[in-house]
Each structure stands twice: as structure tokens, then as C-alpha cells.
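Asks: Add chain X to chain S, keeping to what the hints say.
From first to last, the protein sequence lines stand for chains S and X.
Residue numbers for the first sequence follow our numbering, beginning at 1 and rising by one.
Residue numbers for the second sequence follow our numbering, beginning at 162 and rising by one.
These are computed hints drawn from the structure, not numbers from a lab.
Note that this is a predicted model, so its numbers are computed, not measured.
Just so it is clear, CB atoms sit at the ideal spot from N, CA and C, and this is done for glycine as well.
One or more hints might be untrue.
Residues on chain X that point at chain S, a partial pick, calculated with CB under 10 Å [said to hold, decoys possible]: (1) Q341; (2) P345; (3) C527.
Covered stretches of chain S (chain X as the covering partner; in silico rule of three or more C-beta atoms under 8 Å from a C-beta of chain X) [claimed, not checked]: (4) 32-38; (5) 77-86.
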Amino acid sequence: MKKEIYNIVFGGIGGQGILKASEICGWAALYSGLHVKKSEVHGMAQRGGSVESHLRFGKKVFSPLVPLGAADYLVCFHKEEHARLKKFLKPDGTDLAGYLDKAQSVIEDSKYLNTFLVGVLAAYLPITEKNWIMALDKVFSQKIAERNKEVFFKGRGLGKL
Amino acid sequence: MPTRKFTNRSLLSGNEAVAQGAYEAGLRVACAYPGTPSTEILETLATFPEIDAQWSVNEKVAYEVALGAAVGGVRSLFACKHVGLNAAMDPLMTSSYTGILAGFVVVVCDDPGMHSSQNEQDTRWVSIYSKMPLIEPASPSEAKEYIKEAFKISEKFDTPVLFRLTTRISHTKEDVSIGQRHVPEQPAFEVNIKKYVMVPGNAYGRHILVEKRLKKLKSLAEKSRLNRVEMNSKKLGFITSGVTYNYLKEQYPDASYLKLGFVYPFCDEKIKQFAKSVKKLIVVEELDPFLEEHIRGLGIKFSAKDPSFRIGELRPELMPAVVQGQVKREKKTDVRKPRLCQSCPHWFTFAVLKKLKLIVAGDIGCYTLAALPPTSALHSCVCMGAGVTFNEGWRKALPNGKIVGVVGDSTFVHSGVTGLINAAYNKAKGVIFILDNSTTAMTGGQQHPATGLTIRNEPTKKLILEDLCRSCGADNVDVVDPKNHKEFEALVKKRINTDALSVIIARHPCRLIKR
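Extracted from the complex, chain S is given alone in its bound form:
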């Protein structure tokens, strides 16, 4: 692993599958034998409001939150949330917002946006394909796991490897 700790911020609005996206990545990091912490938002804030999930993994993680200006990757699900979320990104961090437009031409249903963006992110992370597949199988029911794997690999193919 190149970095001590990987800091990733996922954000958008309630109902976009943001917690599911960070869940997949969390399990993939866990299967890679890393220490994982991720923050979630539940309850009132989820009712169509801004939703953020921070994911951090590495040898040893303390804070469950990524400080402002410390994210290595920003995975934004909604254009209107981008200006707010950008404050989390490091000056040399990677912003995946550009893939939001690409997603529309690749996925047929917005419910796959989360899996697609996880695929894009996967292209940047030092996690093996085997561990990603285990994570997808863990998070999705058997019925929908195969379809999500297809979407994941589409995203991964488009991401900068």
C-alpha cells in the first residue's frame, strides 16, 4: 500500500445508495486485512437531505471522520452537492465527479449508480479483484449480485487504472 491511511468521502442525497457504496468498499478493505472505520448517517437527516459517508482504512485508523481537506478521493453522487463536498478533498486528491456524466451513458437505471461509482473508485485502490468480488457478494443478495458485478466492472474499466 502506498499510503498509511486511505481517506474517501462519499456524498450525495438520501436514497442514492451512498451507505451501500461505502459498505462495499468497507468490506473490500476488511477482506484485504486492513483496519476499517466508516461513518454513516441515519434517521431524520436521511429524508432527502445531504448524506455523507466517510471511509478510512489502513494499518491503524483512529478517527471515523475524514477531516476537511484530507480526502484522497471524493465520490460525489449528486452535482448539487459537489461544491459542499469538495471542501473535503486534499489539494492533490482525486475527484471522481467527472464520472457522474459518464454513468448516465453506461448504466440503464440510476439504482446502479452506487455500484458503478464503486467500480470507478476500485480502479484507484490497492485492493485485489478477488476481495472486491467477495465484498460485492457480501453486500448484495445472490439475486442481484451478478448484475451488480457487471456494473462494477464497467465502472472499473472506465476508471483510471
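Replies: Using the frame of chain S, we list chain X on its own:
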């Protein structure tokens, strides 16, 4: 890269870790009423067939059922959010005197920053008030480990144990190791009137024991491994607890720490010793100056956060300002506000209430969002059940006002029903709307008595709200679908002009209910 074995590890939230730890500790009975950020504790416990888990009618009931089970001899747990504990304070205060037979842990989830709450009260004060020990983990993995310790302490010292989480622990997920369940042998229950019947004479004797217990707990706090000293550079030392410890650890990795996990009773000697061993001492805690005020009383010199930081949650990027004692600079937040879902039945109800220019006594639930612009048609929100009782009070003060009360179905069962009985008994008039979406929607759709299903979705006796309201003494009880706009509006107009106590049950299921 050193790797951890993942075969026995799972990604658990703080709430799930509490449930897993309690399961491993042989928990038998668990009770709660849903409330963010605590809800997933009972939802997780209900997945273990060995545990008798229930959604109770309210927190007072939940506390009493769980306490009864612990007094009967099985390990029990009660869980709630911070404001939920207010509803359970009556049994809590005296349970400190009765003590228990098998372990009893009171899990309370505070919500600094009010992600989903009406205030940011700090539960740590309850430990002083009730003379019960308080344990506070800083991560899900600590939550799983410490809850086991909490059961042991409960049994060893014959006391309920307060176990405090905050939103950032409850809703943080971490990879946590999964262990085996071990059920301790059930102690024999014997009738013990002096211990369990709290009449003045008996309670006096119990109070003496409670004070003795507090002394013994204090010496445990001094040696407990939950209060951990990490000596690094002696130039700078922090006394801290909970998630704040983690924020500091990353910003100040070279500093020394006294990290408190067994927070109350305070470990005075350990604190004094630590204070002596570092050049500069800083106490950092979220919300109230709980540690700060006590440590000041010990005559120790230290610095702490500016009082402006007592408001709202702490975040990692705020640590330098907190540590340097700077004043909090409020930043304008541009987060998107939550709102009612599209096609939510509450939209239809509040459209009519707004059109008729009614003053609406509100309550706790999704419908509280009707207070936000542009609807702005809900005009009070204090606590569970107050939609019914505020209506009664407002009408006394404003006899010419066009006043109604609203309350959700789950909230009505929780504590609205007592208000309705009170209104009928005291000859109050007016219209109470039960906004019946047939679930506990705001917390994610939990069952309650009027859904006819248990926490495990098993059919049970169903509470019929219209029958209940009639029994309470309502003069008129109507059931109507608010999406039938004309019918609904006509009924509301009719009832607000009727000199009687009327209940309108506006019934349309929440669109988020899984069918």
C-alpha cells in the same frame, strides 16, 4: 503491510457491536423504543433467536420490563436515545437503589450536533444524579468489549450500569472480531422485600448501600483498564474520552493520554497522577464540561475548550482550535435539509391544515418536517406525546385561537394516549389528528402495537386506535384517508367547528413500508 485475519471479523456499527457483545455476554432479554441514533441495537438483537427482544410501548415500559428480567435473574439490556432516557428516569432513579440479580446495562445514545434530535443533553450527568457507574467506549470494537465488562460490573456491584455512546460511535462501522456466546448460570431468585420494595424504611437502608457501592466503584475506576494511560511526550497530556480521543490521537500522536472509558465514578488518583506527569494538561470532551468541572474541583491546573464549543459536535478538523482555546467560529452550512418524501401522506394533511390557517401543536416524527418552509404548518415540537397536551394548554391560553394537535400513530401509543385521557377527563375540546402511516417512520419503519406485528414481524394482538380513542373519551372519532382531499378537508372543517373533543385518524401507509 501487516494484515489482520478477516475470517472471524465483521464490519459492525457501534450499535451492532453493542448487540454482538451483549449476545456474547449471554444476554437474555432486551427492550427499547426506537430512536435515532440507538435503533439498530434492538434491531440487531432481534436477529438472535436466543434473545427475547421487544419493541416496547415507550422507554419507561422498556426499562421496567428489562429491569424486571434482571431482578428475576437473567442478563438484560435497555437501549434508548438520550431524550428517550428522560421518559425512563422514573424507574431508573429507584433501580439504582434496588439493584439487580443478573447483569443489567442501560445503553444510551447521545446525539451531539443533533443529527436527528430535539436537544443535545449530555447523559453523563445522569451518572452523578443516579449514583450509577457510566462506561463510555470510543469505537465499535471497544463497544463490543466494554459491554461485556459492563455486565460483569453490574453483577459484581449489584447496580444497573449506564453505557453511553454518541452518534459518531453508534453510526461508525469498524471491523470487529466475532466471538462465542457464553451464558452465565442463572442465579436463584428469592423474594427479598427489603431490597425490592422501595418504601421509605427499606429505601433508607438501600441508600446507605448505594453510597457504599459508589466508594467501591471508585476504587474499581482507579485500577480499571478502561481508564488507560498512554505515556508519550511529557510536554503535552490530554484527558479525554469517547470519539474525541480518536480525533486527538491523529492530530497529536506524540502527546500523552489519559483515555477514560470507566468515566464515573471518577478515578481521582489516576487523574492527579497523570496531571503531575505532564507539563501542559488539556481536558477535551464533547458537549458539557463534565470532566472539566470535576477535575477543576480536584485543584488541578489545566486548560479546556472555549465554552462556545459546548454547542454542537466536535470534528477532527476542529481539534487545533479546541486545543488552543479559540472561540468557535460558526460557519454557514450549506447542507441540504431533509424533507418529507414525495407523495408522503403527510403532505396532504398539512396542505389542508395550512389552508385553514390552523395553529398546529406538533410532535416528534417525520411530520415534524412540516415546520420547515415552504409548508411551515407545524408550530411546536418539544417531546413525544406533546402534540396532544400542547393543544390542551394552548387552548387555555388562547381561547379564540384556531388550534389543533397532531401526533403520529407510534407516538400516540408511546405517550399521546395519556394526553387524550387527560383532555377527556378535564373536559378539554378541540381536534387531535393521529397521523397514522402505520409504522414508526422516522427511525426507519419499526413495528408498534397498532401495526399488529412484533419486532420479528410476527403477528400479534393489534391495537385498534379508533376503539382506544373512543374508550379514552373522545366525542367523535373519524378515520379518513388524507389523500382523499375533498373528503378530508370537509371533515376537518366540520370538526374544527364542533364544540367537542374530536380525534381524526388520518390513515394512509408510509410509502417506505416494505410489503
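Asks: Was the hint right that P345 of chain X lines chain S, CB cutoff 10 Å?
Replies: At about 31 Å, which exceeds the 10 Å cut-off, the nearest Cβ of chain S leaves the hint on P345 of chain X violated.
Asks: Go check the segment 77-86 of chain S versus chain X for me, would you? Three or more residues, Cβ under 8 Å, otherwise it fails.
Replies: holds (count 4)
Asks: So is the segment 32-38 of chain S in contact with chain X by the C-beta rule, three or more residues under 8 Å, or is the coverage claim wrong?
Replies: n = 7 at 8 Å, threshold three: holds.
Asks: With a cut-off of 10 Å, does the beta carbon of Q341 of chain X approach a beta carbon of chain S closely enough for the hint to hold?
Replies: Hint on Q341 of chain X: violated, closest Cβ of chain S at ~20 Å, above 10 Å.
Asks: Against chain S, is C527 of chain X within 10 Å by beta-carbon distance?
Replies: Constraint on C527 of chain X satisfied, holds at 7 Å.
Checked against the numbered hints above, the structure violates hints 1, 2; every other hint is satisfied.
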